[in-house]
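When we follow the UniProt record's numbering, the leftmost residue of the sequence shown carries the number 1, and every step to the right adds one.
To be clear, the hints were calculated from the coordinates, so they are not data collected in a lab.
Just so you know, even glycine gets a beta-carbon here, dropped at the ideal spot from N, CA and C.
Check each hint, because a few of them may be wrong.
To be verified - Capping the alpha-carbon separation at 20 angstroms, the derived lysine to any residue pairs in SDA-like fashion look like this:
| # | residue 1 | residue 2 |
| --- | --- | --- |
| 1 | K54 | F109 |
| 2 | K57 | L46 |
| 3 | K54 | K32 |
| 4 | K57 | S2 |
| 5 | K49 | D18 |
| 6 | K26 | K54 |
| 7 | K49 | L30 |
| 8 | K26 | V63 |
| 9 | K57 | D18 |
| 10 | K49 | L60 |
| 11 | K26 | E40 |
| 12 | K54 | G19 |
| 13 | K32 | D55 |
| 14 | K49 | F109 |
What the hints assert, rightly or not - Here are the in silico distance ranges between beta carbons for each label pair:
| # | residue 1 | residue 2 | range |
| --- | --- | --- | --- |
| 15 | V20 | E40 | 56 to 62 angstroms |
| 16 | F109 | K54 | 18 to 24 angstroms |
| 17 | V36 | V56 | 17 to 23 angstroms |
| 18 | F109 | V63 | 39 to 45 angstroms |
| 19 | K57 | F109 | 27 to 33 angstroms |
| 20 | D38 | L60 | 24 to 30 angstroms |
| 21 | L46 | F109 | 48 to 54 angstroms |
| 22 | A33 | D55 | 45 to 51 angstroms |
| 23 | G64 | F109 | 39 to 45 angstroms |
| 24 | F109 | S62 | 44 to 50 angstroms |
| 25 | T3 | V56 | 16 to 22 angstroms |
| 26 | S45 | D18 | 19 to 25 angstroms |
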Amino acid sequence: MSTAELATSYAALILADDGVEITSDKIQTLIKAANVADVEPIWASLFAKALEGKDVKDLLSSVGSGGGAAAPAAGGAAAAAGGAAEEVKEEAKEEEKEESDDDMGFGLFD
């Protein structure tokens with residue numbers, strides 16, 4: 001990110017933290033108060049429009065949480081138990097195949 005983008009995003013975060021409405025004018029005022037040079041006014045208006053009507057704190061708290069995993073198909077409990085046993089057997093077979101891979105004589109640095 002450029003200095004202009006960082007300064008603008010920090011200003012928007014400061015405004016959101018204080019519970020103040022995020023506007024272009026307020027972002028520019030904070031940038032000037034921080035003595036950040038060479039920030040074009042377009043950045044302030046872009047960030048203000050992007051965050052207009054949005055709860056920034058809510059956006060930040062939901063960044064790390066991805067969407068939920070897909071729900072498994074509904075089935076009987078007995079079928080699920082039988083399927084689990086089959087999966088374990090299949091995994092064991094796959095592991096055996098991986099362990100049986102022999103060295104083919106090719107080295108990394110040959």
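Each hint, compared with the structure:
Among the hinted pairs, K54 with F109 is inconsistent with the structure: their alpha-carbon atoms are about 55 angstroms apart, more than 20 angstroms. At most 20 angstroms may separate the alpha-carbon atoms for a hinted pair to count; K57 and L46 meet this at roughly 19 angstroms. In summary, the hint linking K54 to K32 is not supported, as the alpha carbons are separated by about 24 angstroms, beyond the 20 angstroms threshold. In summary, the hint linking K57 to S2 is not supported, as the alpha carbons are separated by about 23 angstroms, beyond the 20 angstroms threshold.
Between K49 and D18, the direct Cα distance comes to roughly 19 angstroms. Compliance with the 20 angstroms bound is thereby established for this hinted pair. As the CA atoms of K26 and K54 are separated by approximately 16 angstroms, the hinted pair is consistent with the 20 angstroms bound. Annotation: proposed proximity of K49 to L30 holds, straight-line Cα distance about 17 angstroms (limit 20 angstroms). Distance restraint check for K26 and V63: the Cα-Cα separation of roughly 25 angstroms exceeds the 20 angstroms cut-off, and the hinted pair is therefore not satisfied.
At most 20 angstroms may separate the alpha-carbon atoms for a hinted pair to count; K57 and D18 meet this at roughly 11 angstroms. Of the supplied pair hints, the one linking K49 and L60 holds, its CA atoms being roughly 17 angstroms apart against a limit of 20 angstroms. Pair hint K26 plus E40 holds up; C-alpha atoms about 14 angstroms apart against a cutoff of 20 angstroms. Under the criterion of a C-alpha separation no larger than 20 angstroms, the hint pairing K54 with G19 is consistent with the structure, at around 12 angstroms.
Among the hinted pairs, K32 with D55 is inconsistent with the structure: their alpha-carbon atoms are about 24 angstroms apart, more than 20 angstroms. Pair hint K49 plus F109 does not hold up; C-alpha atoms about 56 angstroms apart against a cutoff of 20 angstroms. Checking the proposed 56 to 62 angstroms range against V20 and E40 shows it is violated: the Cβ atoms sit about 22 angstroms from each other. With their beta carbons about 54 angstroms apart, F109 and K54 fall outside the hinted range of 18 to 24 angstroms.
Range check, V36 to V56: about 20 angstroms between beta-carbon atoms, so the 17 to 23 angstroms window is met. Between F109 and V63, the C-beta spacing of about 43 angstroms keeps the proposed range 39 to 45 angstroms intact. The hint said 27 to 33 angstroms for the Cβ distance between K57 and F109, and at roughly 53 angstroms that hint is violated. Checked against the given bound of 24 to 30 angstroms, the beta carbons of D38 and L60, roughly 27 angstroms apart, stay inside it.
A beta carbon spacing of about 52 angstroms between L46 and F109 agrees with the range 48 to 54 angstroms that was offered as a hint. Our hint of 45 to 51 angstroms for A33 and D55 is violated, since their Cβ atoms are close to 25 angstroms apart. Here the CB-CB span from G64 to F109 is close to 41 angstroms, well matched to the stated 39 to 45 angstroms. The beta-carbon spacing between F109 and S62, approximately 47 angstroms, falls within the hinted interval of 44 to 50 angstroms.
For the pair T3 and V56, the beta carbons lie near 21 angstroms from each other, so the given range of 16 to 22 angstroms is met. The hinted range of 19 to 25 angstroms is satisfied by S45 and D18, whose Cβ atoms lie roughly 20 angstroms apart.
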